[in-house]
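Could you slot chain B onto chain A? The hints should help.
Protein chains: 2
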Amino acid sequence: MDYDLLITDATILPLANDGLERIDRGYLAIKGERIAALGPMRELPAAGKALITIDGSDSIVMPGLINTHCHAAMTLFRGLADDLPLMEWLNNHIFPAEARFVNAEMVYWCTRLAAAEMLRSGTTCVADGYFHEDAAASAFCETGIRAVAAQGVVDFPAPGVPDPAGNIAAVEQFLDTWQGREPLLTPAIFCHAPYTCSPETLQRGKELARQRGVPFFIHLAETEFEVQESLKKHGVTPTRHLYRLGVLDPNTVAVHCVWLNADDQRLLAETGTRVASCPGSNMKLAAGIAPLAELRRNGVVIGLGTDGCASNNNLDLFEEMDLAGKLQKVKHLDPTLLPARAVLGMATVGGAEALGLGEQIGSLVPGKKADCILLDRKQANLLPLYGAELLTSAATGGDVRTVIVNGRVVMRDRRMMLFDETETMAHVRELAKKVTAPT
Amino acid sequence: MDYDLLITDATILPLANDGLERIDRGYLAIKGERIAALGPMRELPAAGKALITIDGSDSIVMPGLINTHCHAAMTLFRGLADDLPLMEWLNNHIFPAEARFVNAEMVYWCTRLAAAEMLRSGTTCVADGYFHEDAAASAFCETGIRAVAAQGVVDFPAPGVPDPAGNIAAVEQFLDTWQGREPLLTPAIFCHAPYTCSPETLQRGKELARQRGVPFFIHLAETEFEVQESLKKHGVTPTRHLYRLGVLDPNTVAVHCVWLNADDQRLLAETGTRVASCPGSNMKLAAGIAPLAELRRNGVVIGLGTDGCASNNNLDLFEEMDLAGKLQKVKHLDPTLLPARAVLGMATVGGAEALGLGEQIGSLVPGKKADCILLDRKQANLLPLYGAELLTSAATGGDVRTVIVNGRVVMRDRRMMLFDETETMAHVRELAKKVTAPT
Numbered sequence: 000m001d002y003d004l005l006i007t008d009a010t011i012l013p014l015a016n017d018g019l020e021r022i023d024r025g026y027l028a029i030k031g032e033r034i035a036a037l038g039p040m041r042e043l044p045a046a047g048k049a050l051i052t053i054d055g056s057d058s059i060v061m062p063g064l065i066n067t068h069c070h071a072a073m074t075l076f077r078g079l080a081d082d083l084p085l086m087e088w089l090n091n092h093i094f095p096a097e098a099r100f101v102n103a104e105m106v107y108w109c110t111r112l113a114a115a116e117m118l119r120s121g122t123t124c125v126a127d128g129y130f131h132e133d134a135a136a137s138a139f140c141e142t143g144i145r146a147v148a149a150q151g152v153v154d155f156p157a158p159g160v161p162d163p164a165g166n167i168a169a170v171e172q173f174l175d176t177w178q179g180r181e182p183l184l185t186p187a188i189f190c191h192a193p194y195t196c197s198p199e200t201l202q203r204g205k206e207l208a209r210q211r212g213v214p215f216f217i218h219l220a221e222t223e224f225e226v227q228e229s230l231k232k233h234g235v236t237p238t239r240h241l242y243r244l245g246v247l248d249p250n251t252v253a254v255h256c257v258w259l260n261a262d263d264q265r266l267l268a269e270t271g272t273r274v275a276s277c278p279g280s281n282m283k284l285a286a287g288i289a290p291l292a293e294l295r296r297n298g299v300v301i302g303l304g305t306d307g308c309a310s311n312n313n314l315d316l317f318e319e320m321d322l323a324g325k326l327q328k329v330k331h332l333d334p335t336l337l338p339a340r341a342v343l344g345m346a347t348v349g350g351a352e353a354l355g356l357g358e359q360i361g362s363l364v365p366g367k368k369a370d371c372i373l374l375d376r377k378q379a380n381l382l383p384l385y386g387a388e389l390l391t392s393a394a395t396g397g398d399v400r401t402v403i404v405n406g407r408v409v410m411r412d413r414r415m416m417l418f419d420e421t422e423t424m425a426h427v428r429e430l431a432k433k434v435t436a437p438t
Numbered sequence: 000m001d002y003d004l005l006i007t008d009a010t011i012l013p014l015a016n017d018g019l020e021r022i023d024r025g026y027l028a029i030k031g032e033r034i035a036a037l038g039p040m041r042e043l044p045a046a047g048k049a050l051i052t053i054d055g056s057d058s059i060v061m062p063g064l065i066n067t068h069c070h071a072a073m074t075l076f077r078g079l080a081d082d083l084p085l086m087e088w089l090n091n092h093i094f095p096a097e098a099r100f101v102n103a104e105m106v107y108w109c110t111r112l113a114a115a116e117m118l119r120s121g122t123t124c125v126a127d128g129y130f131h132e133d134a135a136a137s138a139f140c141e142t143g144i145r146a147v148a149a150q151g152v153v154d155f156p157a158p159g160v161p162d163p164a165g166n167i168a169a170v171e172q173f174l175d176t177w178q179g180r181e182p183l184l185t186p187a188i189f190c191h192a193p194y195t196c197s198p199e200t201l202q203r204g205k206e207l208a209r210q211r212g213v214p215f216f217i218h219l220a221e222t223e224f225e226v227q228e229s230l231k232k233h234g235v236t237p238t239r240h241l242y243r244l245g246v247l248d249p250n251t252v253a254v255h256c257v258w259l260n261a262d263d264q265r266l267l268a269e270t271g272t273r274v275a276s277c278p279g280s281n282m283k284l285a286a287g288i289a290p291l292a293e294l295r296r297n298g299v300v301i302g303l304g305t306d307g308c309a310s311n312n313n314l315d316l317f318e319e320m321d322l323a324g325k326l327q328k329v330k331h332l333d334p335t336l337l338p339a340r341a342v343l344g345m346a347t348v349g350g351a352e353a354l355g356l357g358e359q360i361g362s363l364v365p366g367k368k369a370d371c372i373l374l375d376r377k378q379a380n381l382l383p384l385y386g387a388e389l390l391t392s393a394a395t396g397g398d399v400r401t402v403i404v405n406g407r408v409v410m411r412d413r414r415m416m417l418f419d420e421t422e423t424m425a426h427v428r429e430l431a432k433k434v435t436a437p438t
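Listed in order, the protein sequences are those of chains A and B. First residue of the first sequence: 0, per numbering that gives the first Met the number 0; consecutive thereafter. First residue of the second sequence: 0, per numbering that gives the first Met the number 0; consecutive thereafter.
By construction, these hints were calculated from the structure, which means they are not laboratory data. All figures in this text were calculated on a predicted structure; none of them were measured in a lab. Heads up, a few of these hints could be off.
Copies of the same chain look alike in the list, so a pair counts if it fits in one copy or across any two.
[Claimed, not checked] Here are the simulated lysine to any residue pairs, SDA-like style, with alpha carbons at most 20 Å apart:
| id | residue 1 | residue 2 |
| --- | --- | --- |
| 1 | Lys-377 | Glu-420 |
| 2 | Lys-377 | Met-416 |
| 3 | Lys-30 | Pro-365 |
| 4 | Lys-377 | Arg-414 |
| 5 | Lys-377 | Arg-413 |
| 6 | Lys-377 | Asp-412 |
| 7 | Lys-432 | Gly-386 |
| 8 | Lys-433 | Gly-386 |
| 9 | Lys-377 | Arg-411 |
| 10 | Lys-432 | Ala-164 |
| 11 | Lys-377 | Ile-51 |
| 12 | Lys-30 | Gly-406 |
| 13 | Lys-377 | Met-424 |
| 14 | Lys-432 | Phe-100 |
| 15 | Lys-377 | His-426 |
| 16 | Lys-377 | Glu-358 |
| 17 | Lys-30 | Pro-44 |
| 18 | Lys-30 | Thr-52 |
Looking at chain A on its own, in the form it has when it is part of the complex (with noise of 0.2 Å):
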């Protein structure tokens, strides 16, 4: 056999080049866990052939989505708490239930829903950041999805961590287990946050991402809240806070960044630190909107994430997609912003140079690891077809029919073919009963 798997006959979209390029009828050959090659089916070698062959002719084949920011155990909370004030959702309503049901158990089954939904809504690799971190690599790695798992760290007692002094202990253990354990799974750490994380966590932390190579987390400037406290506390902003510290560099990805002043900005391009942009949790939680199409004018590289779901509600990326380029659009009342090609790559290449995985995944190009999805192109919303335009604006996550994921089909037709989703269900449910059971 010359390929693992063939698709033939599809709209294929290789998103490589910063272009919106298709082939109309064309093939993607996939050996092993890498993409063999791709191009117009008149190219196919003749005697191609391949152990599993997928009829594409009804689907449109693009780059599996990256969604740079998630808190996946969160899906327990999804829907718990909404249209509310921003501390007192966090402090009165998130916080108390994190300390009472966050624990490994359901850290894993909530992580199992997460990985479904994205699978689901066309996301083939996250970068996830909680706490009892080694419960959600374990289901990632069942489900098939790729993923930057990051273990989380604050300097207070935290689910799993109780003494805020081994915060930073606690991820060099889960960086002992899981580097180089699992193919699809990258460790990392996630400090929380400038105002959550003192100085001398913050320059521990990068400096054992350092030291190990792996892709260092936080979250940066969501609210004008955190703003003024910073410049309160340290007299700087919190991104000339992180930049003296020395924790800003290209394997840095700062979270949200709405609040950035021109300086800012400018620390974050010549730094090269990454931007993980979350649209639809900055609208939800009422943090504002974040200035995309300023950092991108600075060379500043970004991907989209969906946040956790306590903040959303959902994790699918089609729709991050097309929120972040409306939302440019509609803040500076200019149509030509954030184009249908800036937002593909954002949630494609960026997410992928932001994460450290640019030579791996993001494109369609022979060589890089296989992850892909296909696209009913029978579905109302997506007809006609004249551009890839409408990837961004008029397909949801609920178009996606089959993904491959390092060369392995894990959702067929809808179906997922590692893991039993009616299992996991169940058991978030169970949990679900308990987080509104009377105290």
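What follows is chain B alone, placed relative to chain A:
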């Protein structure tokens, strides 16, 4: 038989009385075209029998969504010209495409496609406005969707109305044909905008609507440019211009209403004018953010709309609900604005009132017409279900499995019951080939 249709063991959201109360294990009984009864299963009469019984144990049942603004036939132009400046988009792409390709055949097939997309995403009633509206009305009737179909009026040559002197006469003819003809079809008039219709045309159009007792639609205050031009030409805002002409009353639906000053808002409230808000379109075309929170405080009845596919690019009202709520929150940096119950209200009872159908549809109440949808509770993104909040922010149109309009099942397990969707798509594909063919 007591009932024609009985849904059992379902989670039911009646959306009556402005609340989000739900019946956790409930039944909904339909007799003829109306809701006969609903309540907890334990209150279902023991002898309650039905011709058709649907097991709703995996379903959330809620009122069908009401799309208060659409140009259905524009599915043909979906994604044709995105990310362009408004005037370039309109003058160099949309208007020329309409001049070349809009005819009765196009309107018929592309409206059928739109109806399929809307039914699939849970819309059971749509207010449409276009040209060749006879063909649109026929298409709507065949698909089983409820529709308010409005013939378009502009003071320049339009598809099917080459001489604008005959534009009001064309509406009269349209009303003659359709008034009282089909139970699900309400004919109406759509005067395009204050800047495309003369004062005389607007007054003649509104007078005709009053005589015939049909709704009157008009685009209003969509862009800042429109307001400035009105101030130059008429010395007043477009809203006050319409007020002076006597066009504003509870049977007028003003579409968009993005640029309203305090005086404009007061005029809409005082006259009882209804507002159809299209957040997705206003974002894509960078028109701006409508003052929905303020209009609500003024007591204005608001419905949601998708606008046509060229300016959105889909017809999914679940997405519009999500956008409407999140956009007000992020605009005002206040997460409590437009809570889920308000957004759900706009897409159901609000839409019904806006279209003059408040007594007939919009909530699940005995005696109202049976327009309802069943969502699949087994979708990963709909778990857990703590409250109805997640229907506005976690659900997508793809979660809708079964759709009932006027007591009739028009989609069952995502299969259209009354018309051939494949044939419709084939026709639209052929029409789309002409659009992209070299001239």
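Do the hints match the structure? See the list:
no.	hint	result
1	Lys-377 <-> Glu-420	between (26 Å within a copy, 10 Å between copies)
2	Lys-377 <-> Met-416	between (23 Å within a copy, 17 Å between copies)
3	Lys-30 <-> Pro-365	within (10 Å within a copy, 60 Å between copies)
4	Lys-377 <-> Arg-414	both (18 Å within a copy, 13 Å between copies)
5	Lys-377 <-> Arg-413	both (15 Å within a copy, 13 Å between copies)
6	Lys-377 <-> Asp-412	both (13 Å within a copy, 16 Å between copies)
7	Lys-432 <-> Gly-386	between (45 Å within a copy, 13 Å between copies)
8	Lys-433 <-> Gly-386	between (47 Å within a copy, 15 Å between copies)
9	Lys-377 <-> Arg-411	both (16 Å within a copy, 18 Å between copies)
10	Lys-432 <-> Ala-164	neither (34 Å within a copy, 66 Å between copies)
11	Lys-377 <-> Ile-51	neither (23 Å within a copy, 30 Å between copies)
12	Lys-30 <-> Gly-406	within (7 Å within a copy, 53 Å between copies)
13	Lys-377 <-> Met-424	between (29 Å within a copy, 8 Å between copies)
14	Lys-432 <-> Phe-100	within (11 Å within a copy, 56 Å between copies)
15	Lys-377 <-> His-426	between (34 Å within a copy, 13 Å between copies)
16	Lys-377 <-> Glu-358	neither (33 Å within a copy, 37 Å between copies)
17	Lys-30 <-> Pro-44	within (15 Å within a copy, 62 Å between copies)
18	Lys-30 <-> Thr-52	within (12 Å within a copy, 50 Å between copies)
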